[in-house]
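Using the sequences and the accompanying hints, generate a full structural model.
Which chain is which? The protein sequence lines are W and D, in order.
Taking the numbering used here, the leading residue of the first sequence gets 1, the next gets one more, and so forth.
Taking the numbering used here, the leading residue of the second sequence gets 1, the next gets one more, and so forth.
Quick caveat, the hints were computed from the structure, so don't treat them as lab data.
Glycine included, every Cβ here is placed at the ideal spot set by N, Cα and C.
Watch out, some of these pointers could steer you wrong.
[Claimed, not checked] No farther apart than 27 Å at their CA atoms in a straight line, the calculated lysine-lysine pairs in the DSS-like style are these: (1) W:K454 to D:K93; (2) W:K275 to W:K50; (3) D:K257 to W:K454; (4) W:K122 to D:K39; (5) W:K599 to W:K571; (6) W:K599 to W:K565; (7) D:K134 to D:K106; (8) W:K122 to D:K26; (9) D:K8 to D:K26.
[What the hints assert, rightly or not] Only part of the chain W face toward chain D is listed, based on derived beta-carbon distances under 10 Å: (10) E651; (11) G653; (12) S707; (13) Y711; (14) P772.
[To be verified] Pulled from the structure, derived: some chain W residues nowhere near chain D, Cβ distances all over 10 Å: (15) S9; (16) R12; (17) P97; (18) A240; (19) P728.
Letter by letter, the chains look like this.
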Amino acid sequence: MNEQGIGASVRRKEDQRFLIGKGNYTDDINVAGQTHAVFVRSPHAHAEIKGIDTSAAMAASGVVAVLTGEDLAADGIGPLICGVTVTSDDGEPHRAPAHPALAQGKVNYVGDHVAVVIAESKSEARDAAELVDVDYSVLPAVTGTRSAADPGQQQIHEVAPGNVCFNWPFGDKDGVEAAFAAAHKVSKLDLVNNRMVTNPMEPRAALGEYNTGTDEITLHVTTQNPHVHRLVLSAFNQLAPEHKLRVVGPDVGGGFGAKIFVYAEELVVGWACRKVNRPVKWNADRTEAFLADAHGRDHVSTAEMAMDGNGKFLAMRVHTKANLGAYLSTFGTMVPSYLYAFLLAGQYATPLIYSEVKAVFTNTAPVDASRGAGRPEATYLVERLVDICASDMGLDPAEIRRRNFIPVDAFPYQTPVVQCYDSGDYPAALDKAMELADYDGFESRAAEARARGKLRGIGFSSYVEACGIAPSAAVGQLGAGVGLWESAQVRFNPTGNVQVFTGTHSHGQGHETTFAQLVNDQLGVPIENIEVIHGDTAKTQFGMGTYGSRSLAVGGVAISRACDKLVAKGKKIAAHALEAAEGDIEFADGSFSVAGTDKAMSIGEVAFNAYVPHSYPEGVEPGFDENAFFDPTNFSFPAGTHICEIEVDPETGVVEIVKYSAVDDFGRLINPMIVEGQVHGGIAHGVGQALLEGCSYDSEGQLITASYMDYAMPRADNLPSFDVDYAPTNPPDNPLGVKGCGEAGAIGAPPAVINAISNALGVKHIDMPATPENVWRAAQQATAASA
Amino acid sequence: MYEFNYRKVDSVDAAVEAIQQADDGKFVAGGQTMLPTMKHRLASPSDVIDLGGIAELVGVCVEGDTVIIGAMTTHAAVAASAEVQAAIPALAKLAANIGDPAVRNKGTIGGSIANHDPAADYPAAVIALGATVKTSRREIPGEEFFTDMFETALEEDEIITAVTFPVAEMAAYMKFENPASRYAIVGVFVAKTGGEVRVGVTGATSCAHRGLQLEAALGGQLDASGIDAVELPVENMNSDIHASAEYRAHLVKVMTKRAVEACAQ
Chain W
1 MNEQGIGASV
11 RRKEDQRFLI
21 GKGNYTDDIN
31 VAGQTHAVFV
41 RSPHAHAEIK
51 GIDTSAAMAA
61 SGVVAVLTGE
71 DLAADGIGPL
81 ICGVTVTSDD
91 GEPHRAPAHP
101 ALAQGKVNYV
111 GDHVAVVIAE
121 SKSEARDAAE
131 LVDVDYSVLP
141 AVTGTRSAAD
151 PGQQQIHEVA
161 PGNVCFNWPF
171 GDKDGVEAAF
181 AAAHKVSKLD
191 LVNNRMVTNP
201 MEPRAALGEY
211 NTGTDEITLH
221 VTTQNPHVHR
231 LVLSAFNQLA
241 PEHKLRVVGP
251 DVGGGFGAKI
261 FVYAEELVVG
271 WACRKVNRPV
281 KWNADRTEAF
291 LADAHGRDHV
301 STAEMAMDGN
311 GKFLAMRVHT
321 KANLGAYLST
331 FGTMVPSYLY
341 AFLLAGQYAT
351 PLIYSEVKAV
361 FTNTAPVDAS
371 RGAGRPEATY
381 LVERLVDICA
391 SDMGLDPAEI
401 RRRNFIPVDA
411 FPYQTPVVQC
421 YDSGDYPAAL
431 DKAMELADYD
441 GFESRAAEAR
451 ARGKLRGIGF
461 SSYVEACGIA
471 PSAAVGQLGA
481 GVGLWESAQV
491 RFNPTGNVQV
501 FTGTHSHGQG
511 HETTFAQLVN
521 DQLGVPIENI
531 EVIHGDTAKT
541 QFGMGTYGSR
551 SLAVGGVAIS
561 RACDKLVAKG
571 KKIAAHALEA
581 AEGDIEFADG
591 SFSVAGTDKA
601 MSIGEVAFNA
611 YVPHSYPEGV
621 EPGFDENAFF
631 DPTNFSFPAG
641 THICEIEVDP
651 ETGVVEIVKY
661 SAVDDFGRLI
671 NPMIVEGQVH
681 GGIAHGVGQA
691 LLEGCSYDSE
701 GQLITASYMD
711 YAMPRADNLP
721 SFDVDYAPTN
731 PPDNPLGVKG
741 CGEAGAIGAP
751 PAVINAISNA
761 LGVKHIDMPA
771 TPENVWRAAQ
781 QATAASA
Chain D
1 MYEFNYRKVD
11 SVDAAVEAIQ
21 QADDGKFVAG
31 GQTMLPTMKH
41 RLASPSDVID
51 LGGIAELVGV
61 CVEGDTVIIG
71 AMTTHAAVAA
81 SAEVQAAIPA
91 LAKLAANIGD
101 PAVRNKGTIG
111 GSIANHDPAA
121 DYPAAVIALG
131 ATVKTSRREI
141 PGEEFFTDMF
151 ETALEEDEII
161 TAVTFPVAEM
171 AAYMKFENPA
181 SRYAIVGVFV
191 AKTGGEVRVG
201 VTGATSCAHR
211 GLQLEAALGG
221 QLDASGIDAV
231 ELPVENMNSD
241 IHASAEYRAH
251 LVKVMTKRAV
261 EACAQ
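Written out as structure tokens, the structure is:
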């Protein structure tokens, strides 16, 4: 193995600048003449705005402008959009209420944007924001996912009767009903997928600059996809034409989905900088991040499985209510529909699946993708239900999984829910995980724990997920407004070093290292001589950004394809220089050589020849710089089995994770160290959802968990040292043989944890987050029931 | 943060004078509660009088059977003090687990008890150890110091100068942490001093207090066998998204038992 190439755990190139405080985050950028924006936000979950008096604010010290929704509308700045259409059961598209970037007559959640104050300093802007006098007429708030569409509920949007965005049935309803009617056994479970606040470490920020000379707006913004931001802001919000709008997402401190979307603040900053003809900067404080970042999850579901006498799954039926919040975020409709229902087969050969998703509006922050986006919700439901099935059938949880796994020889496997899984060996991952977890030794560990007064439990999660969303034609058929390919440009400079331009975006994933390794492996250039460039629409060609674990599986292949083109061109150049036939040129380890001879030249020399073409093959263009666009033929389907072992202190309900074993199939690993980091982070995310994180609104729509005083994030002492291993398969649809790894932990972990707790307590179910009090109560009830 | 006048003083007298002259002055010790509150614009004092320059308020010493901790001594200093560790190890341990490193290195014992967050740790120790709060004008018995949520016996212009703790024969603090803030959902400090066993409870109710029912069940002994039978009034307990009143009442007993067991070990 090449020590810097594929499979090498090289240290991350980008970490030096982060570790010495030289990262360049949006809030680090300050420009001459900059002003500061502070948003006036609604303190009410639901209210009509009778009037806004900005006069006192305008008169306050240092104020440059106070802008409202009226100003926005007068300038023709369009509302925020949702980019994916879901067709409701009445044949109509989902109901899409207007989502103005500054409120126009009504506010619909606490934190909704009412006005913006722009001042010379942030503190002056804050002071003046308090002087903006908004006359609210408060309306009753709708906050519950379960009850939002009930008869008699307060109506939020006129265009969405009954607060329903869409009602989306999917699958063979009659076939499923027939299978249930004939089943030996039906297992059923009601469960909640708890709402989460995504919480990237860096809060969102934006800095807009307008150049009167070029009529160009530069928007520095915390984004996972600068070109998508530019496209949406241009095409739908009329901020500026694409060629007059530069979007720069410099170093971004985590995204986890929350920075995919085009938010009101970003649009307003971009618009306001031209309006006041001064640079405008905004950065969210943590409270604003809690209130106004898109949240994740928030489903209430009923799941049922029909089985035969051997515990073989015959059919599954799912009813889900999904909370989309007050407005549709950029991809809000896609998460509880295509990203959710298409994964309900899990790892199992269940032949018939029917689901109905009712997406509802509430007076809460918009809900959109958050690490996993739909797949954690599907996986939690399937993997909890499978455990209930095991219990109902008197089978070991491993055994019922094994009986229902999609057989190894059935891949590629067409599920009944659209997806065709690329590759998988589910029993192999299960076996390896059981070995890693020492499943056979569990009973004796449980007995030893009982002697200490602790309840020990073990839980499985055999997950599959669908990432690297593709191909473009398929997502187009589903109602997406974009294609989902990726682009790359690989450019040699005359001196032989390399710049790699990618349309993906790194906000912590380590792309600058992984992609350099990929290029090193293919072209033989040391990674020190490779710079990976992303995150600036003025530097990189159009690209779709980073989300859905797509960067390597899609963007990496585009880079590889560009490298292939360089090698092909290099052969022509080398053949000329080495006075050989092109067909006799071989390329390996960065060197073009004439087969069977010692005549060779390095790729650096070829690059030099290409830029200084004094002696050059006829008909070959100068330059050594190639681009490629890659549109995959399928999603990528990482899978694995996670086994969580916990101990409950029955006296307090405290859950300690004592052992966590993860065996994943991510195909070929480029940098195993980075992959393991992604696994650790993903599991931590999933454990956070399972044990700690519960975003909560009260009945008036006030966010109760609006700070880290009340919203519990996972910390090191909540987590054990993870045992991580791999059971890779080779996905035939992916030219690099890779699968995505960024979300798998967050998808796989929650059911493993909850299955372990249910196992320890001997209860059917406990909802997430399994807080100490919830666990204590479940333990009390279990004790009472067994007494 | 709103604008305010900042004054740093170098003596207790100067601090008292400064606050008497201010419209709506506040003392700031380590600032670990006060500054975030001001940043959130939830407090807007006209004057902030910084006690950080008063050297005489800083330091730990043990005189005979008494540990004296200057009001401006940080939690980290108490935690790291060999004298406190030797005299009342449970107190050093409590200090070592307050907040996070930033809070421990800036936050002070005087600031903590003057603020009287009902979920703070120190109040349980002050009460259970029978400490005395020394101020610029008097000495206040620990159990009379905490009067209600964020309320104490202090006058507006009164400054804590030190807290004196009688050395206990045995003591232990058990804290059930809020998973988010890591404040005490319930914290119970049990101390045996001079043949008496006292229980200080924080986090459970609106005010740190002596657990008199718990003390009665212990009957002066480090024997927790009677604790389960205690019926604590649930209606007095705090209730929030992290812990209901019923659960808190339960936790008070569990933490008491565990503190008693830890004392006995």
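Do the hints match the structure? See the list:
1. About 25 Å separates the Cα atoms of K454 of chain W and K93 of chain D, which keeps this hinted pair within 27 Å; it holds.
2. Taking the CA atoms of K275 of chain W and K50 of chain W, the gap is about 25 Å. The hint holds against a cut of 27 Å.
3. About 17 Å separates the Cα atoms of K257 of chain D and K454 of chain W, which keeps this hinted pair within 27 Å; it holds.
4. Proximity of K122 of chain W to K39 of chain D is assessed by CA-CA distance (about 13 Å); at most 27 Å being required, the pair is judged to hold.
5. A C-alpha spacing of about 13 Å is found between K599 of chain W and K571 of chain W, which places the hinted pair at or below 27 Å, so the restraint holds.
6. The suggested pairing of K599 of chain W with K565 of chain W holds, with an alpha-carbon distance near 22 Å, which does not exceed 27 Å.
7. A threshold of 27 Å between alpha carbons decides the hint, and for K134 of chain D with K106 of chain D the separation of about 21 Å falls inside it, so the pair holds.
8. Among the hinted pairs, K122 of chain W with K26 of chain D is consistent with the structure: their alpha-carbon atoms are about 25 Å apart, no more than 27 Å.
9. Distance restraint check for K8 of chain D and K26 of chain D: the Cα-Cα separation of roughly 12 Å lies within the 27 Å cut-off, and the hinted pair is therefore satisfied.
10. Among the interface hints, the one on E651 of chain W holds; its C-beta lies about 5 Å from the nearest C-beta in chain D, closer than the 10 Å criterion.
11. With its C-beta approaching chain D no nearer than about 8 Å, G653 of chain W sits inside the 10 Å limit, and its interface hint holds.
12. Checking S707 of chain W against chain D by beta carbon gives a least distance of about 8 Å; that is within 10 Å, so the hint holds.
13. Residue-level restraint check for Y711 of chain W holds (minimum Cβ-Cβ distance to chain D is 6 Å; threshold 10 Å).
14. For P772 of chain W, the suggested interface contact is upheld, since its CB lies about 8 Å from the closest CB of chain D, less than 10 Å.
15. The claim that S9 of chain W is not at the interface with chain D holds, since no C-beta of that chain comes within 10 Å of its own (minimum 31 Å).
16. At roughly 26 Å from the closest C-beta of chain D, the C-beta of R12 of chain W stays outside 10 Å, upholding its exclusion from the interface.
17. At the 10 Å boundary, the C-beta of P97 of chain W stays outside the reach of chain D, the nearest C-beta of that chain being 30 Å off.
18. With a closest Cβ-Cβ approach of about 35 Å to chain D, A240 of chain W is found to remain outside the 10 Å limit, as its non-interface label requires.
19. No Cβ of chain D approaches the Cβ of P728 of chain W within 10 Å, the least distance being about 36 Å, so the stated non-interface status holds.
In terms of the numbered hints stated before, the structure departs from none.
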